Amino acid sequence: MKIREYIESKRARFIVTRIVKSIPVFFLASIIIFLIMHLSPGDPAEIMLGAGATEEAIESIQQRLGLDQPLYRQYLNYMSGVFQGDWGVSIRYNQPVLELIRTRMPLTLLLMGSGLIISVIMGITMGVLGALNPNSIFDYSSTVMALFWRSIPSFWLGILFLYVFALEFGWFPIGGWQGPISLVLPMMVIGLRLQAIIARLTRSQMLDVLTKDYIKSAKTKGLKRKAVIIKHGLRNALIPVVTVIALRVPWLFGGAVITETVFAYPGMGSMLVRGVLSRDFPLVQGIVLVICISAIIANLIADVSYTYIDPRIDIDSQRKG
Amino acid sequence: MKISNRKPTVVLIAAILVIGIAGLSGCIEGEDDEDTVVVGMTEEVTDLNPIIQADTYSVYAIQQMYDPLVRDAPDGEINTEGNTVADDIQFDEDELTYTIELQEGIYFHHGEELTAEDVVFTFEAFMDTEEYPVSPRAENFDPIADVEQTGEYELEIILEELYMPLESDTLILVFPVPKDYIEENGWDEYEGNWYGTGPYEFVEHTPAEHVKFEANDDYWREGLPNIENLRLRVFGEETTLQMSLQQGEIHFAERMDPDLFRDLDDVDEVETTSNPEVSTNAIWMNHKEEPWDDVNVRKALAYAIDMDDVIAGAGDPDLHTSTRAVVPTDHPAHPDGFEDLYEQDIERAKELLDEAGYDEIESTVYVNVGPRVDELEIIQDQVTEANIHLELNELEWGTYLEDVRAGEAPLWSSGWTGRASANSQLELYNSWHGFNDYGGFYNNTEFEEVLAEANREPDFDDRMELYHEAQEILIKEDCAFFNRFMEDLPQPHHESIDIPEQHWNPYMDAGPIAYIAEWEWA
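Residue numbers (the working numbering), protein chains in the order written: chain A, 1 to 321; chain B, 1001 to 1522.
If you are wondering where the hints come from, they were derived from the structure by calculation, not from laboratory data.
On a predicted model such as this, the values are computed, not experimentally measured, just so you know.
There could be a bad hint or two in this list.
Between beta-carbon pairs, the in silico distance windows are [what the hints assert, rightly or not]:
1. B/D1035 x A/T243: 48 to 54 Å
2. A/F27 x B/V1203: 37 to 43 Å
3. A/I293 x B/D1188: 28 to 34 Å
Heads up, the beta-carbon is just placed ideally off N, CA and C, and yes, glycines get one too.
So that you can see chain B by itself, here it is in the shape it has in the complex:
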């Protein structure tokens, strides 16, 4: 038999290919370990430094590795239940001082015990705007004059003046970091050695792919976490995320497009759960530019829109609730009479335009490419009847953000996620606030005085009344922006896990994701 002299070459090439593929694939880790709960997210974790907390998704990861000082609760209430590092908080109104007692016997992942020294150090890191890491949330700490350690497990926070949203807007951001380790090794060394006190320890962060954690075996809350391993996994395409959930490759989806979410109604293995979010989804108007500096023009736009129609066409009536208010309906700071505010009235819109001296308006809405565009197209069509002609300028996020903050956008459509306090939804309309530009450059001294008074008011009912008044000025009188709806965040999960009922709560900072340690296999 004649053997071709080419055969060795072909065999060699084939062998190189097989070895190459095997070698390359061997470089990469494969499937999840057993006893791993996988959470699918549409965006990725970028920075795990709890002082920076760059975005919502990074906070999801931080919440697994660190315990918070306090938990979120409706305005003015102290919540030190569950996984909080604080055991007790006492507030002395006359002395403007919070005294915080810490839980004893909490240890960082590298073995050091957490003391008040670590908590004070964490506060100082947030408040320092000179040295790295500079926190984008530093303004939230402005009401604090000083933080002092008064015992091994006790510290005091002294305020400049009475500031009631401190817990829900400031203390909630504090996840204590280990002072000694960071002082000895520096922040750069701390990157990647994320020692917290939380139920999960950091294993690895592979950018644009996942963050992996394993159980902290010495966690101070006995019996937790229930599940040994945790992986936060990123999906660039929501359809893939949805299919992965159906297949059981992931157990929980952090959010999902409403249409894809509804498609899961008929899937037996998936529970279509959703979590109310404290958020404003608005069209903001640039108060520095004509014609939107005129309140009548702003109101004309509001009267020209029928949000129920928009939600029916481009949203989901089960997930989106049309409202002009910025705090949820069941929140004590929600004002009465806002349900019917600015119901569509084309004739009224035309009258208002006439009063402002305009026959018609031509303007542009800046919008980040995504699902909001569908809603805006319906709005664009609706307002034409009132002689308001809108163009849509679809931009990717970076350009959108830069143009809006530079004041180049006449109108823009986006969202603003707050916390449990009314102040977190209202503060950006203070003219002095760092992100007032995002709130339309709104500037009204009366509003600022009422909001400041509300934040200083110790009596709960009186404080809520003042928040109502602030919203009356902002939304009813000035129509500073047009809030479109409140949203329930679609967060479906696989039947293989059980999530405690109490964590589906609108006032929790991140809903069930903040408490993965308490999830169980079904």
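Looking at chain A on its own, in the form it has when it is part of the complex:
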């Protein structure tokens, strides 16, 4: 397909429309983040300088940070800066926000991405196997394990993993970043919790799909079992799973915040926690904007991927919907 044809295609128009629709979402999110941060109690200058700070020192910092200006002006200044590549300067660290995000983002993306891959591979495999062998020992045990991973708070699971695999067995470093080996335990904490959801959902969808008439007719046509399960069964069962994965992207960031804190993992999440506690408005706004953009992109990818997973899905109907 030539580029011109592709641009004029339904799918391309659909993507462009979705991106345009995302713009108000982005602005609304930016206003909400801005208001939440600025209307919450706690003065960043006061927090920064501590309990013993004089009024003069606090006022000087407020002036330097532009916090003495009206709220709407602060917001307009901030947003005009965002579009010019100036996301402000962190109050706490006195460094450009974009630079701080740029240096921390790779580790967080690595953690989230690897956690997501692990969870998808494990979750779909466990879900399919569970559906193919319902009420078997494997099915029961995978259900119990899924409940187990979901029920344990991630900070506790993180400490447990650290104690067993890092401190007792000495297989992994305790915390921080000491090369890709440092990724394994936090990735497992994130991945295991998400795989539990994917496994349960895949299982129930597969059980439903496998009773459909088109599966029976595929079998009677003499198709191989593998082809029936993967091509006709799994493909149809995956649509809600993909939706859940897309909706879980912001959750993954949330999970990364806790996991990074427990593992002293130097990603964006641990910096976000410190930013919130110190009312570092520019930093928190910057990180949350990145999360917001990621969520918008993830949902866009999910919408587009539906049409690949199931070509019967009509883009026009999605657009109208």
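Following the hints, position chain B against chain A.
Chain B in isolation, oriented as in the chain A frame:
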């Protein structure tokens, strides 16, 4: 053999993932270099500007890159030993003048020699409350009328009036910065180019992760630092910090939860050392609000509490010492007779409430989320017997600080870390002081006069006597707040390092961390 046409796609995706992970992980630095001592901290360094000194953790980092003008010492004593930039200090009482001779041959990390000009410039930066950087410690410099350079390596500090805690409350804060570099390039350029004269040079500051330093090869104190590289590393979770110490990934923990600290008693590789801290851990009472404006009500609360019981239940008797005084027991300004002050007496508490005209009291304690909540829950239970009903309002730090300073909290529980001087623990109760709000809005002219007189008194014994008197008024007569305990800060370290004994000292501003240059591998 039939090759599936999907295989190239799968291989491509796998290759992208592997290259992506390798690429992303390659962006980030890995393990520590050899010969690196790692200090684990529960909070992070925020600003390395020695004029700002925003918090304790930033000061830890500043102490590695800069040399102090003087070292901390008990009241009124001059300490120019070790790493101090000052070689000698003479004080002329009649002229109200300190004459400071500097060590010669001290160089900043960018090669310029330190002279009196740099020290005067540093003083001026602290005292300037108009231009950036405005120091939150500017009030400490109020007693100074002028600072003058009198020679290449000599300067004079002229006081407004006699002020004896100058060294321990003011001079101790001075870490000289390079005047010429800052004047030529501005403070903004100085951020990130932190040139000091200290044993370690700045390498990098990665927020919420670490600050890295390397040895200053031209350091003026011969043979130091003993260890080539230093890293101050942040841990958001104390359990991870504790495990890292056991594993030897870090060599020293700046502080630790007492329970986690005790768990290390059985770990052979770790030495459970602690350092006495000059701090007040108190319940402050809002003197502007009823019923806490009534001294009898304040005393009733004090009599209703059994701190030994609280420490046994939620603290550590080896680390926490119940006391009502605000200076440590072995400090010369510690008053006699405070050990038994306000021992629990429920009947007395009820009588005092009755005298104040209350059958019972209902109030709220504001507290920052954390370990203090456990203690307060025990106190909450204890005081109910005396008809004092307390609610706990747990807040995160920013909100807590704002509410307390705005006078919205009836009671609040927190800590106040001072220095070696009694004045540093008492000054916040001056009604005119910038952080009197944090001290409960206490206002008593008699107390202020006695404290001011103490700070003006040149004779050491007489001065200590006046500090005793000030504490009698503040704590015995007015029961301005209820100090719960003094604390030894748990600072365990790994067996792989040796820390000189003399640095475990209650009067040192930051204990052993201030002298990492003198640590050695065991």
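Do the hints match the structure? See the list:
no.: 1; hint: B/D1035 x A/T243: 48 to 54 Å; in the structure: holds, 53 Å
no.: 2; hint: A/F27 x B/V1203: 37 to 43 Å; in the structure: holds, 41 Å
no.: 3; hint: A/I293 x B/D1188: 28 to 34 Å; in the structure: holds, 30 Å
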